[in-house]
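Q: Here is how the chains run, residue by residue.
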Amino acid sequence: MTGQAGGENQRIYARIEYQKAHRLRFLGHLDVATVFDRAVRRAQLPVAYTEGFHPRAKITFASPLPVGVTGLGELCGIDLVERLSHQQLAKRLSRELPDGLALVSTQVLPRTRRSPFADLSRADYIVTLQPDEVASDELQQAVQRFLNAERVEVQRQTKRRTRTIDIRPGTHELSVTEGADLQMSLSLRQDDLVKPAEVLAVLAEMMQRTSVPVAQMTRSRVYQV
Amino acid sequence: MTRRVVRDFDHAAIPEAPVVPWAEVVHNRGQIEIARGCTRGCRFCQAGIFYRPMRERGAETIRRAAREIIRNTGFDEIALAALNCPDHSQITEIIDGLHEDLGHLRVSVGLPSLRTDNFSIELARKVQTVRKSGITLAPEAATQRLRDVINKNVTDQDLLSATAAAFAAGWETIKLYFMIGLPTETDEDVRAIADLVDKVVAIGREKLGRRRRHLRVNVSVASLIPKPHTPFQWLRMPSVPELERKQSLLRQRLKDREVRLSCHDARGALVEALLSRGDRSLAPVIEQVYRDGGVLEAWSENFSLERWQQACTAVGKDLATEARREWVIGSPLPWDHIDLGISTRFLEREFTRARQGQTTEDCRLVGCHECGLDETMQPCPINNAFVGVDC
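Protein chains in written order, with the working numbering: chain F, 3 to 227; chain X, 4 to 394.
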């Protein structure tokens with residue numbers, strides 16, 4: 003994808019896969035957006051800006067990462083007003099990203115009216131527990147109970163009210179690895195979304211603990227349909 | 004102790020690669036000091052004396068630095084800093100240049116609080132082409148007589164036409180700065196603040212028309228603290244009850260839905276006066292307040308006047324007496340060992356003119372008033388550049 007400009011009305015965007023790790027995993031989602039906005043400006047990339055009194059670079063994020071969670075394959079899209087090669091883009095942008103935010107891959111793609119991330123399906127997580135806090139078979143049993151349950155209900159707070167939600171259908175995978183880490187694959191779709199913290203809370207309850215002692219959580223991959 | 008003065012401000016270093024915070028902080032933007040010092044000569048203003056003489060950075064220097072700052076930081080705003088930005092002789096050129104250089108990156112230009120004239124509004128209109136913020140005007144006093152005393156050389160007409168221009172340009176919120184406790188001030192002068200605000204509100208209602216329900220006039224009323232090195236340094240600070248009485252005069256009068264009145268806490272002002280006018284014998288008082296738990300006192304819930312009073316009593320001082328002390332001209336002052344290069348005779352002369360209600364014009368426009376800098380700097384750059392004006 004080099005040089006050639008598309009048709010007049012052909013909109014394009016840079017599809018960016020990046021890591022959010024180390025100290026920067028504690029940066030909130032809005033601050034990550036600001037960091038990208040500034041990086042794009044420093045790189046002087048030909049990006050599209052929003053209209054109005056407070057223009058910002060048009061950057062769409064696939065799915066906000068909870069604070070403290072490391073992301074290995076996070077996705078964002080940056081609308082471009084000029085075509086440039088994905089190599090150029092990667093070179094110029096990666097220079098400007100702070101330690102902790104690193105590019106994994108970049109593509110320059112046609113942009114439709116829909117958000118490029120409208121069809122997210124699920125994400126994989128790895129949860130490392132604090133050593134010697136939870137016995138491996140205790141965890142294994144809780145996981146088994148979770149998987150065997152027909153419904154797993156949690157309370158989720160929305161802006162106005164608290165709803166009871168069944169998180170079992172959206173929990174695609176849940177297992178304990180050989181290294182005694184928890185591995186899960188959870189839905190990102192609106193109708194059966196599951197948050198990692200919700201799974202952990204249910205497991206804690208099953209083990210009759212107040213919480214699962216998490217040492218480190220990583221979102222390793224985000225999937226689109 | 005003698006103040007050092009940067010003579011060649013245009014070539015003085017500008018921080019072009021400041022730390023860029025990841026998380027949101029205050030002043031989350033690039034900044035360039037476009038000028039240092041001010042020649043307006045407002046008699047209450049310490050910075051106006053402290054940073055004399057007025058020195059400018061050239062438009063080209065500023066543009067180059069701004070491009071550099073944005074390239075290094077990626078900030079989406081560049082704030083111009085000066086005691087009074089509209090006084091920069093190339094201000095229009097600077098703002099247009101910054102838009103030209105940085106507009107395509109959607110970098111907006113910020114201007115701090117403005118003076119009270121149409122030119123300032125015109126500038127504000129220019130900078131809000133990218134982003135919209137509130138607008139602040141600082142008439143400081145509401146009667147011509149009192150403005151002459153403090154040498155704030157603007158008229159009611161300036162203020163009213165500036166607000167009309169601001170409303171016409173689309174602003175819906177205007178902030179007005181006033182002071183109370185000024186020398187020779189009467190209750191009439193204080194009530195005049197309310198009268199002036201009423202006029203601004205009336206103009207706003209008329210100009211905004213159907214949008215009038217969005218109209219907001221924020222009135223901020225500070226108490227004068229007679230600051231060292233100013234023509235008002237000898238003055239007695241008004242008492243807390245007196246300041247509070249004047250504040251309540253305003254509260255009774257300013258009741259319109261569109262008006263928000265906020266008055267600086269007079270007790271806090273008393274402590275500020277104590278700290279800015281005291282000498283080294285205050286050191287143990289400050290330490291005692293700290294030991295008694297006085298930290299972060301700029302937050303009203305942490306502020307305790309009693310704590311300051313007790314600490315003063317402990318070293319045999321009375322807080323109010325100390326903070327409100329009046330000095331006779333000619334007597335030694337606690338800050339006499341600090342030499343700003345400004346002569347005491349100039350400050351005395353200005354103090355006398357203040358009490359006579361006589362103004363002193365900007366020395367860039369009418370020539371030298373012999374503030375002492377011409378001798379200190381040999382010569383003062385402003386005086387050196389002064390060629391007289393054709394009116």
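Rather than coming from a laboratory, the hints here were simulated on the basis of the structure. Note that the Cβ used here is the ideal one computed from N, Cα and C, for glycine as well. Heads up, a few of these hints could be off.
Facing chain F, from chain X, some residues (calculated, C-beta under 8 angstroms) [what the hints assert, rightly or not]: (1) Glu27; (2) Val28; (3) His30; (4) Arg32; (5) Tyr54; (6) Ile73; (7) Arg74; (8) Gly77; (9) Phe78; (10) Leu108; (11) Ala141.
Q: So, Gly77 of chain X near chain F? Judge it on the closest CB pair being under 8 angstroms.
A: OK, holds: Gly77 of chain X within 8 angstroms of chain F, min 3 angstroms.
Q: Does the closest beta carbon of chain F sit nearer than 8 angstroms to the beta carbon of Phe78 of chain X?
A: 7 angstroms, holds
Q: Is the interface hint for Val28 of chain X satisfied, with its Cβ closer than 8 angstroms to some Cβ of chain F?
A: 10 angstroms, violated
Q: Does Leu108 of chain X hold up as a contact with chain F if the rule is Cβ-Cβ below 8 angstroms?
A: 5 angstroms, holds
Q: Per the CB criterion, is Arg32 of chain X less than 8 angstroms away from chain F?
A: 11 angstroms, violated
Q: Let me know if the C-beta of Glu27 of chain X comes in closer than 8 angstroms to any C-beta of chain F, holds or violated.
A: For Glu27 of chain X, the interface hint holds, since the closest Cβ of chain F sits about 6 angstroms away, which is under 8 angstroms.
Q: Quick check on Ala141 of chain X please, does its C-beta sit within 8 angstroms of some C-beta on chain F?
A: 24 angstroms, violated
Q: Return the status of the interface hint for Ile73 of chain X: holds when the least beta-carbon distance to chain F is below 8 angstroms, violated otherwise.
A: 7 angstroms, holds
Q: Would the hint on His30 of chain X be counted as holding, given a Cβ-Cβ threshold of 8 angstroms to chain F?
A: 14 angstroms, violated
Q: Please verify that hint: Tyr54 of chain X, Cβ, nearest Cβ of chain F, below 8 angstroms or not.
A: 32 angstroms, violated
Q: Given a cut of 8 angstroms on the nearest C-beta pair, is the interface hint for Arg74 of chain X held or broken against chain F?
A: 6 angstroms, holds
The structure fails hints 2, 3, 4, 5 and 11 (numbered hints given earlier, in ascending order).
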